[in-house]
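Protein chains in written order, with UniProt numbering: chain A, 1 to 107; chain B, 1 to 107; chain C, 1 to 107.
Keep in mind that a hint or two might mislead.
You can't tell identical chains apart in this list, so a pair holds if it fits in one copy or across any two.
[Stated by the list, open to error] In the PhoX-like style, the derived pairs of lysine-lysine whose C-alpha atoms are separated by at most 20 Å in a straight line are:
#	residue 1	residue 2
1	49	11
2	65	11
3	62	11
4	106	11
5	61	11
6	61	106
Treat the hints as calculated values from the structure; they're not laboratory data. Bear in mind the structure is a predicted one, so any value in this text is a computation, not a measurement.
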Amino acid sequence: MKMIIAIIQSKDSNRLRRAFNDANIQMTQLSTTGGFLREGNATFLIGVKDDRVQDVLEIIKKNAKAREQYVTSQMHMDVEGGSAFPVNVQIGGATVFILPVDQFLKF
Amino acid sequence: MKMIIAIIQSKDSNRLRRAFNDANIQMTQLSTTGGFLREGNATFLIGVKDDRVQDVLEIIKKNAKAREQYVTSQMHMDVEGGSAFPVNVQIGGATVFILPVDQFLKF
Amino acid sequence: MKMIIAIIQSKDSNRLRRAFNDANIQMTQLSTTGGFLREGNATFLIGVKDDRVQDVLEIIKKNAKAREQYVTSQMHMDVEGGSAFPVNVQIGGATVFILPVDQFLKF
Ligand code: NI
Ligand code: NI
Ligand code: NI
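Chain A extracted, bound-state conformation:
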């Protein structure tokens, strides 16, 4: 048994939750506070048997990994004209800790 703690962007949390659900992997999503540093993050606790750890990691990777996306800049005003143009930004990203579990019980 392992306890997997995954911290992801909250934009990816609905998608990740659905993916875990579809794979029958039980997890708990913890609320993070509205602190200025951490707004936009979500924390998942996932308890799994050793032989499913790799599945969980694949699901996190597939649904929450860091990737680039073109967005249209709203901020930049070019001296020549003023039209918006696309910029490449990084979104997503997952930080994952795998912790040992001494004992797992259900009552």
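Given chain A, put chains B and C with the ligands in place with the hints provided.
What follows is chains B and C with the ligands alone, placed relative to chain A:
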């Protein structure tokens, strides 16, 4: 020292919190988000010395274990009459992880 | 790699969060519920390499340790006069668990 993570039904959380309090066991209740999968759950973090692990497990079992309860159905309308009747539903239930702790400190 | 779980008074949480930020230590602040026992607490999850554990502990100690503070009592009315006087109360305090981590990943 062990870190016990207990995920229970939120209906049982006030009762469990009081039981821990009465047994002088310190715990922290984490908020879970209002996600569709997890509403109705509560997560407790409990740090205890090895020789009190069994006490904590007994308290969780006593206050939050899965059990059956007769409830009066509000939904069913019998073709013959329309009176409510009791149905047997499962409530409660605790998922418990015991994690090793390298070091415990108080400042 | 270690997972440090620190439970502190919420009065100290902004200060501690800023101190971690200034030291480039990543952490996640979890919400605790408004339960009667735990209002006023904040829980931090901090993942660090073994050689930074001591730094993290120093930062927690410096920003959240238990200390005494003189506050002016609003409650006491002396039979002779009725003027307020300072009382010494304990504030702050941190409970810290250091857990082993099997694996740390970033996606
Ligand atoms: Ni689904
Ligand atoms: Ni009590
Ligand atoms: Ni700063």
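(message) Need the list of violated hint numbers for this structure, in ascending order.
(response) 1
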